[in-house]
Amino acid sequence: MTMMKEGKDADRPPARRRVAALLWLAAVAMAIVAAAGLLQLGAGSYGMTWRQALAALTDGLVWGDRATLAHFFLGRDLAHGLGFGDPGTLPTETLIVWTVRLPRVLVGIMVGINLALSGSIFQAITRNEMASPYLLGVSSGAGLSILVVLVLFPALGPFLPLIAMLGGTAAFVVVYAIAWHHGASPVRLVLAGVIVGAITGSLQAALFFFAKDIAIVQNALAWTTGSLTGVGWEQVRMVAPWTLVCVVLALSGARYLDVLLLGDSTAKSLGMKVEHARFLLAATAILAAASSVAVAGLVGFVGLIVPHIVRNTVGSLHRHLLVGSLFAGPALLVSADTTARLVLSPVQIPVGIVTGVIGGGFFLYLMRRRRDFGKL
Amino acid sequence: MDGLAGSGLVVRYQKHQTPVIDGQSVTIPSGKISVFVGPNGSGKSTLLKALARQLSPEDGSVILDGRDIATLPAREVARRLGILFQENVAPNDLTVEELAYHGRYPHRRIFESVTEEDRNAVAEALRMAGADKLRNRPVSQLSAGQKQLAWIAMLLAQAPHYLFLDEPTTFLDLAHQFDVMELVSRLNRKLGKTILLVVHDLNLAARYADHVFALREGRIVASGTPSEVFTADTLRDVFEVEAQILRDETSGTLCCIPTGRCGMNQETV
Numbered sequence: 001m002t003m004m005k006e007g008k009d010a011d012r013p014p015a016r017r018r019v020a021a022l023l024w025l026a027a028v029a030m031a032i033v034a035a036a037g038l039l040q041l042g043a044g045s046y047g048m049t050w051r052q053a054l055a056a057l058t059d060g061l062v063w064g065d066r067a068t069l070a071h072f073f074l075g076r077d078l079a080h081g082l083g084f085g086d087p088g089t090l091p092t093e094t095l096i097v098w099t100v101r102l103p104r105v106l107v108g109i110m111v112g113i114n115l116a117l118s119g120s121i122f123q124a125i126t127r128n129e130m131a132s133p134y135l136l137g138v139s140s141g142a143g144l145s146i147l148v149v150l151v152l153f154p155a156l157g158p159f160l161p162l163i164a165m166l167g168g169t170a171a172f173v174v175v176y177a178i179a180w181h182h183g184a185s186p187v188r189l190v191l192a193g194v195i196v197g198a199i200t201g202s203l204q205a206a207l208f209f210f211a212k213d214i215a216i217v218q219n220a221l222a223w224t225t226g227s228l229t230g231v232g233w234e235q236v237r238m239v240a241p242w243t244l245v246c247v248v249l250a251l252s253g254a255r256y257l258d259v260l261l262l263g264d265s266t267a268k269s270l271g272m273k274v275e276h277a278r279f280l281l282a283a284t285a286i287l288a289a290a291s292s293v294a295v296a297g298l299v300g301f302v303g304l305i306v307p308h309i310v311r312n313t314v315g316s317l318h319r320h321l322l323v324g325s326l327f328a329g330p331a332l333l334v335s336a337d338t339t340a341r342l343v344l345s346p347v348q349i350p351v352g353i354v355t356g357v358i359g360g361g362f363f364l365y366l367m368r369r370r371r372d373f374g375k376l
Numbered sequence: 001m002d003g004l005a006g007s008g009l010v011v012r013y014q015k016h017q018t019p020v021i022d023g024q025s026v027t028i029p030s031g032k033i034s035v036f037v038g039p040n041g042s043g044k045s046t047l048l049k050a051l052a053r054q055l056s057p058e059d060g061s062v063i064l065d066g067r068d069i070a071t072l073p074a075r076e077v078a079r080r081l082g083i084l085f086q087e088n089v090a091p092n093d094l095t096v097e098e099l100a101y102h103g104r105y106p107h108r109r110i111f112e113s114v115t116e117e118d119r120n121a122v123a124e125a126l127r128m129a130g131a132d133k134l135r136n137r138p139v140s141q142l143s144a145g146q147k148q149l150a151w152i153a154m155l156l157a158q159a160p161h162y163l164f165l166d167e168p169t170t171f172l173d174l175a176h177q178f179d180v181m182e183l184v185s186r187l188n189r190k191l192g193k194t195i196l197l198v199v200h201d202l203n204l205a206a207r208y209a210d211h212v213f214a215l216r217e218g219r220i221v222a223s224g225t226p227s228e229v230f231t232a233d234t235l236r237d238v239f240e241v242e243a244q245i246l247r248d249e250t251s252g253t254l255c256c257i258p259t260g261r262c263g264m265n266q267e268t269v
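Read top to bottom, the protein sequences are chains A and B. Going by the numbering used here, the first sequence opens with residue 1, and the numbers climb by one from there. Going by the numbering used here, the second sequence opens with residue 1, and the numbers climb by one from there.
Note that these hints are calculated values from the structure, not bench results. It should be emphasised that the depicted structure is a prediction, and the values quoted were computed from it without experimental measurement. Do not take every clue at face value.
[Claimed, not checked] Some chain A residues judged to face chain B by a derived CB distance under 10 Å, without partners named:
hint, residue
1, R76
2, G88
3, L90
4, R127
5, K212
6, D258
7, L261
8, S265
9, A267
10, L270
11, G271
12, M272
13, K273
14, G315
15, S316
Beta carbons: idealized from backbone N, C-alpha and C, even for Gly.
The following block holds chain B by itself, in its conformation from the complex (with noise of 0.2 Å):
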């Protein structure tokens, strides 16, 4: 029974307030990149941290590899599913390699020193991550791109089958942004993880991902593949844009070229 779901969730960072994520159910599907699109405040990142155990939903449940999300130890959640959040912070002197290291946590008892595994855990995520040579580096010192790179060198470390990157891009500049996403790419395609992402960038999203899903309001309105998401009445009931869909003729990926607002009266500005 692996693989990820949540189902019948409802968040809500209040009391009384309307639900942040509003009875939403989800199938997050297995070694498949997927990504959540969506407005600010569409949920995306709310929804991302419930099915990651960050936050508790008031109503329905999380099945991870079968169990119940909230029965597991945290450690052993954490063995299963990482997750790099959007901004992070770290002690002014902690290397890199000190970093990864921190990912260890979950496969390290209390007096245990590192083990062998630890070591080439680290090792292994350093190279993939391509950090092994910012290793001796301070992150704090390091550019946004090789920082994110840094952060999931930890995450690899952690060893997780899921992986859940919650704006991975989106301080990061055009290079480093491709650099994160081949990168997440190259995590599932060699090595079969199943990778979760929200996403600003329709594009990217277009480019990366084998599953959409459109979030709007806390709700799920679309879910499919990119060119079943991504069109253009998709896209003005999720964005209120007008878009164009066209087709990389090269690479066969989707391209949304946003046109204008829908819904706004231009006599009224």
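The following block holds chain A by itself, in its conformation from the complex (with noise of 0.2 Å):
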């Protein structure tokens, strides 16, 4: 975070100022996700240096084969059915930094992007500096429709992110239906973000007793506290395409959530159809927030306090905050993961337990330090 002087700085213009800082912060941010995820590539059961790691994630038989590389980013029916031959053999290095190591860390980005532009547009949506999606009952709304899922009808697996969304919507509805009363104060959102939220969570512990064998209760519940153990390239693959709609769609709406900060009044008589943008930029945030859902379960905090950091740090512009929010999530989450992998090892934690315990404490200090907490 910059610390400004107050006085010194007025007379200039902020503009300038905001835009050094959010390089700063993109530096900062890709230096950590570079850090942590060289560490991520490289520890583990078969251990490897930094240098080991980064030959394998760099190896040009990999990258030098187009057969290769589209067996990884597209999956083995996809390269196929576009024509690529087999892909070359391996060193056990390349092999595990690429088939395990790479993928876990490239969720992680994308969950922590997704998450983020999540957070910052719900913060200005509602106004509210204390929403997210994981406060708001987003994500719990979604991570109850995939455990249906996964419970019930397990043949629905391919449309994990599109279910997701519906229960997130869902989840979302009745947060503000019940939050509504002559506007929805920050206050009560979040109580009824709450209250959802520990509804369906019971919904999910419910759903456990209707599972066909352990494995898949297990399963669930590493799910549920948020996990990134176990993804492949086939969660790259289903969070990637989502995470580059909701990129667009986050950057296109930038303006509209400046001027949404202004207030319904002042947005409509500006000419702008708020209850329609609103509906947009909520259905953007819902997708961003369940996409990361279906690959990573029930990450918390990290829409909450990677905006908030952020704000500090360039300003509430959004064309600033969401740039920053993409480096700054990815940040956050790859290097919550990377402890969560590493530190208890050889037991590792699910990232959620990280970022919940990290973003629970942060929550607190926000409600401590700022009286008018809360309002945007």
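Put the complex together from the two separate chains, hints included.
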């Protein structure tokens, strides 16, 4: 975070200062992702030095061979379908990095992007800095719908992101309806979100009793705490297209988010179709949250903390805030996941536990420090 | 067919309640400063918002430059008519200049970046509002009067012909009340803007208005020049006060001095 000297800078255009802060933030965030990512690629039961990990990541046998690349990124079926040949044989280090550890980092990056964008959008459209997909019940709604599919209708697996989106939307609508009382105050929204989250949490637990075998329960349990354990290229392919869609939609909505922060009346007087815009932006935020829930489960607090840190650093204009979130989200998630996997090694804990502990503490700190906390 | 007029307007906030505006017709004089006055709850702000399409009337219509305002695209309305609300919110770090740029919203397409025209409009708006020295200051750190100028700058960047201001002076000290009203007056005289204000202070209204509409219980009960409307009889009917009307010798404007409440029996107190 940058500290600004008031007064001295008062007459200088803040825009330049903010762009400089944004560049710094992006650079630091990328360094964190690179460091945590390399650590993640190298460490584990098959240990490597970071040099070995880097060498495996940049291995010419992968990058130089289109068929091998296609098999990783597109999957075997699609790669064959598009006429790519069989992949070449790879050394053990490269194989481990590319098949097991790299997809986990990539999914972490995309989940971080999605949760951070989702939180930034929710905070703007509810004009509430306590809003996040997790606290508004969107994540738990998405989670419940996914668990229903996993436990009761496993055949629908490929549609998980869409199903998660339906569940997330339903939860958001319920939360908004409960909280609405001549407008939705920040505290009412969060309370309603927590209540809906508790209800869906109970329903999720109830579903465990219908599970056919214990493996499903264990899987589902890890998933409700938010975990990247065992994610592979299949999850990369599942979340990547939605991530791209959400990034494009969110960035093109930046100006709308800025105008919404002036309040509904002013936004309307400037010619914005407020309900229209809010609906499309909420859909984007729900899609972003739902697609990350579909691959990583319920990872809490990322959508709350990241927009907060970025706003304090680069200001509240969304063309800066959203871009900053694109970098800071992955930095938080990848470093939290590296911590979750390596700190208590050989035991791996779900990343959601790490973000929950850090994020919960951060939330308390915010509440204590700021008297007018909540309103944006 | 330039001009703004509402006819047969009925506005109700909730069903089955008595209407806040009860079948009123009003024509806002073009190129003039008009003022709505009336006691609390008389429907001044409501009528202003209905004329600006902020509220949809249950019955009646508003014609803006020859077309029904309800059928015009929202951005089209915003390019012709701007409104400043009584209370405004902005993010803590939003600067005056950034706020003014928001006024360009109805002029910009979805992926269009800032054009030369936008830049000129914002610079001109800041200059006219007297806010150019404040351009890099966060709006949240300004005094109430400076804040109002910043918001008016946004309104001017929007470049509408019709400027509606809902109680722009209510929270301001005397000096800033004059700043804002002088600015409004300049915008009318120099740029020919049609201006509609809701004002509580009758003396400000008398000094600056070309035309006054007095409202009571959702109806326009008097309309005309300040000297036609501000009479002891009208003030008694509209505000339930006894008042003396004086004429300021130097400026020629009227001055209302309330002397007491009418209809109040002193002995019941």
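The hints, checked one at a time:
no., hint, in the structure
1, R76, "38 Å, violated"
2, G88, "43 Å, violated"
3, L90, "43 Å, violated"
4, R127, "8 Å, holds"
5, K212, "49 Å, violated"
6, D258, "7 Å, holds"
7, L261, "5 Å, holds"
8, S265, "5 Å, holds"
9, A267, "8 Å, holds"
10, L270, "4 Å, holds"
11, G271, "3 Å, holds"
12, M272, "7 Å, holds"
13, K273, "6 Å, holds"
14, G315, "5 Å, holds"
15, S316, "4 Å, holds"
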